[in-house]
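Undergrad: Residue numbers (the working numbering), protein chains in the order written: chain A, 1 to 814; chain B, 1 to 207; chain C, 1 to 281.
Be aware that a few hints might be false.
[As the list claims (entries may be wrong)] Cross-link-like lysine-lysine pairs, in silico, BS3-like; alpha carbons within 25 Å at most:
hint	chain 1	residue 1	chain 2	residue 2
1	C	200	A	180
2	C	200	B	101
3	C	200	B	92
4	C	200	A	435
5	A	407	A	375
6	C	173	A	437
7	B	104	B	204
8	B	101	B	88
9	B	104	C	277
10	B	88	C	277
Bear in mind the hints are in silico, worked out from the structure with no lab data behind them.
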Amino acid sequence: MTNGWTDIRNTDVVLAMGGNPAENHPVGFRFVMEAKRNRNAKLVCVDPRFNRTAAVADRFVQIRAGTDIAFLAGLIHHTLENNRYHEEYVRLFTNAQFLVNERYAFDETRGVFSGWDDQQKRYTDTSSWSYDIGPDGFARVDPTLQDPRTVFQVMKRFYARYTPEMVSSICGCSAEDFTKAADLITSTGTADRAGTMMYALGWTHHSQSVQLIHTAAMLQLLLGNIGRPGGGLNALRGHANIQGGTDCGMAYHNLPGYIAVPKADHQTLDTFLKSITPKPLRPQSTNFQSNYDKFAVSQLKAYYGTNATKENEFGYRLHPRLPAADGGGYQNWSWAYIFDHMYRGEMDGFFSFGMNPVSNGPNSRKAIGALAKLKWLVVAENFEQETAAFWRPDILAVSDLKPEDVKTEVFMLPAANFAEKDGTFVNSARWLQWKWKAVDPPGEAKPDQEIIGRIFLRVRELYQQDGGAYPDPILNLNWWYSNPASPSLDEVCRELNGWALEDVKDATGAVVVRRGQQLSRFLDTRGDGSTLSGNWLYIGSYTDAGNMTMRRSTADPSGLGRYPEWTFSWPANRRVLYNRASADAQGRPWDASRTGIAWNGQRWVGDTPDYTVDSAPDAGLGAFIMLPEGVARLFVPGQFVEGPWSEHYEPMESPIANPLHPEQSSNPAVRQFMTKHDVLGTAEEFPIVCTTYRLTEHFHYWTKNNPYSVQLQPEFFVEMSEELAREKSIANGDRVRVKSARGEIEGLARVTKRMKPMQVGGRTVHQIGFPIHWGFLGRGAQRGSMANLVTPTIVDPNSYAPEYKGFLVSLEKV
Amino acid sequence: MVMLPVERVVRYNLRERLVHAAAGISYVYLLLTGLAFWTPALYWLAIVLGGGYLSRMLHPWAGLVFSAVLLVMWASWRRDMKTTPADKEWRKHIVDYMTNKDEKVPPVGRFNYGQKQFFWLMVIAMWALVISGGVLWFVSSVPAGFAWLRDAAILVHSISALATIGLFIVHLYMGIAVVPGGLSAIVRGEVTREWARQHHSLWKTRP
Amino acid sequence: MSLEIVRSSASSSPAPGVRVEPQLVKLVDTSTCIGCKACEVACQEWNDLPPEPTTNSTNSYQTMPATTASFWNLIKFNEHEEDAGSLHWLMRKDQCMHCSEPGCLIACPAPGAIVQYANGIVDFQQDNCIGCGYCITGCPFDIPKFNTGTKRVYKCTLCVDRVSVGLQPACVKACPTSCLQFGTKEAMLEIAEKRVTQLKANGFAQAAVYDPPGVGGTGVVTVLAFGDRPELYGLPKDPVVPAAVRFWKGPLKWFGNVAMLGGIAVAAVHFMRYGRKEGHD
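Only chain A is shown next, with the shape it has when bound in the complex:
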């Protein structure tokens, strides 16, 4: 979230799209209701289904799964065409005035950007997706926005194709419904109104998910909604601590604090640091990432402690680097790729903590086939689940295997659940909230840190005794905790925040942090090994004043629900990111009743400013300090693999050819896996669009063990329209079978008015959908109804998130 849950109460218009917050975030959804009740805010819900959020929405538009970019691009067109954008904001805070590289082009009929190689079917040269750089090394700009090569003008031309009629023919909603919703959503393009967007997996589970969120970000920037109270682009994180996991390097390509992981060719610390510190693109730009060297070195000190010396480049030489891939580039160890490597027999073992890959990864048949090729599998879980039990005959049968085919040794370690251990959760609002253990774990269940600690100590011992491949990171790891077998999470929090190893001095030589003191500011870190910090983003969360994540003050001086003394919000206890954009060029809030920060003549006051606190507005540092441009990116130079703009591409399985450019129907940057399970179906064989989702009554594959949750939603079901049911002679409550090219699943038919057939590309398209929460183990009727038996292994080429939503199936009565 750029803003936060409590800030949603300050909004005028909520767009809930690509997420179903009433269903999946009912507690946070209270702030939507507060906005509706207290500000008469309007809620617009855009979704393939009339869902729980739609039930309380002021306007609902049904769209085909996987066409969100077209809808949002239509909104951009609507905004630009009807001058509904916040002009001053766009000029001040976005790269609208930057000039685009002369060589940049987009072929509207073929649907590809400049740099496309027809022979290789891929982008071979993306250097044209960049700015026009002047001789001074900075990007050229045209503050009047009139130059046809300004980002603004290029954008206007690019999105002009997304007329309401085009949106209608792609998305399946009527042009009239689209326009009505568009009027409401874009009504926030003024200084006195703010609109927010809430999204979740409905945007991220597509083969064009990153570009989808890019589109939403552009729209919010055009409307002047980023950085403002009541605005923002708010990702609703799914699990209680998924945000904390992301912050702390859970994904393979990031170190904690979103520092890119070192690559094979970053032989020295210096080359690595160069790769992560960009050059400024405008003269005054803060270019905050120029501090990443300090953060990275402090993090290496946290990894290797006293073993991180100047001589070994603060441990960089001990540190693993991402290996190069055979076909160029670097190896990919994101989720779907892990299971592809596993399926190909490239892995011996796998640790699965709090995960159930058989159920929650795409294409369960491939996942089971992959696990069967492992030598060993360790599952740490609260309950025995499908992954730990994948060797059971009924589960293996899904992948046409028998227990005798499987040599995998499976270890099931009972793990404590969230209520059985203390620690922190980082919520969607970036709040690090300490939680206290409620009950002791049952039986032999242990908290994760103890399981990991004990495995680590034993592995280190084995390395010490027997040696082994690549011992450096293991033997040199800084395992300083008072109880090495079960590190205290309070100590881990202290380490994530970090402390001074030597006295830290400022430019004048004055000591700002004494040796041993906890850090409280980013800028007190040093790249000379005198500070230690596990995650720079968390600096300030555990200072000498104590563990800030335990703070529980509801003091609210702003009256806007920022609660600055409630726990700690990264970064720097800032509650709204990019909050410099909440004030105009002179530092006056756009809306005096909703002040983010304001310039009082000496300094910025309000929220923790996302800006240098004493830099006058006219210094023009740029509101988006994390980017070398100093302003937000509409046009994104060279960051995303499918282009600098977001173009609507059809899902990899689609009932129609892309109406914009049938020749390049789907995302050109998508690379498919090649095993026998990685197959796609045709619209002829599988004519129905299918999507998967979650129910508020359940949490993932976990609560099927809870009798109360099972009581509320006992059995797997397939939701379908009355029209489709009639066509297939299916009555409510019948058993039906859903088939895709990958597999099939059976469940109860739930015939509902909440699903409607739609007109897409001139013909009727039906959509069905089902929730994911069932499988083989648990209470009630499980019947092997795992939703992911039918989902494809297609992933977004930027984020590698699987396309769980918007694939093709057929439907029949059993």
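Following the hints, position chains B and C against chain A.
TA: Just chains B and C, lined up with the frame of chain A:
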């Protein structure tokens, strides 16, 4: 005065007397527990009879017993209970009967018209009670859309119960207080031939 | 508690309650209900009720067709198409309405089995319940439910155990959207009216507060966007204590009592006047 040996005839055989006794006992139980549920002023009856919960639990079973007994009674007496031309004559003189001017009352068979009416009204009320009672017994199984059925059951049950109470008062009063020999007839089964001649002169008695 | 009991079923004496307390009511704003069922589980857990087997028979997300003896709080889901293309998914919390004129209490024949407290809560006292089920007939909302094991009747207590120590009901506590609120009737009606005004301004011209006078008003007041058609939400349009129950507990009872006493009296008088018939034993 010479005491002549009194000739006695069987008015009710043992089976009839047992059936009547069963009907009477079950009815009294139903009456007392029913009255307890009818008004708080008489709720003490339920307490005396083992408590409200027990009374509520046994009341419908007693109702089934009563209904079953009444069916047996119906089977054995239904022919005797048919209205005859003599009864129609008798009916014209009902006031005479009520004011004990029995000499003006025409002769009747084994049962007089009043007894027959009592019998049939009781049978009808039994059906009304058992059907409405069934609804009340299984009231939680009545779908919400059939609320009228529950409402009707309450009224039918209480109104027909009140009707039986009226009949019961008359029956008891006549049998015990007004008609000499009535009580012993239903308890012991025998009446004198004289009694039979006096009250039921058309009854073809067997010695 | 007896100081608080202002009304008690089948009581021939006045209830002992002398405390004067404001009526406490629950506000259910159906227009902000997202059907998350947190209230359902909160109710089950607070009251330590076992999970119920679910009949997944509706085409919606409703847990079961109606409340049960150990499931007192059910969100009812109704799909309603106002006109072509305008779908409304109506969700309403079904539970005891805690009527000011409780039909159940009026119908109940067991002394003290149903009581009404000074704060308006209508509560079943199962130890006094005889399981006759007359309350089921008395209730226009189909709420009291018979437990076939204990043969007694159960329903929402409005968490009287929580409320009497100053807490709000468990369902209200659990409600994430503040669709459920709890307070004095005055305060809740004020909030409800404000919301109705807002709904009217937002295109629901018929929005209204459901506080039916036929049962003397309720201890659960409900905001309905389609206030003219409460039946869309599974609520009776004009609920009243059934006329049959009123008649039975009113005129019929008096008539019956008089008739019974009268019958005995007539017999006595008859006996005094005419005496025994002549004849032999």
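Undergrad: Hints first: check each against the structure and report whether it holds.
TA: Results for each hint:
1. 200(C) / 180(A): Within the cut-off at roughly 20 Å; holds.
2. 200(C) / 101(B): 80 Å, violated
3. 200(C) / 92(B): Violated: residue 200(C) and residue 92(B) sit about 73 Å apart, past 25 Å.
4. 200(C) / 435(A): Violated: residue 200(C) and residue 435(A) sit about 43 Å apart, past 25 Å.
5. 407(A) / 375(A): Cα-Cα ~7 Å, so holds.
6. 173(C) / 437(A): 22 Å, holds
7. 104(B) / 204(B): 21 Å, holds
8. 101(B) / 88(B): 18 Å, holds
9. 104(B) / 277(C): 13 Å, holds
10. 88(B) / 277(C): The given pair, whose Cα atoms are some 22 Å apart, holds under the 25 Å limit.
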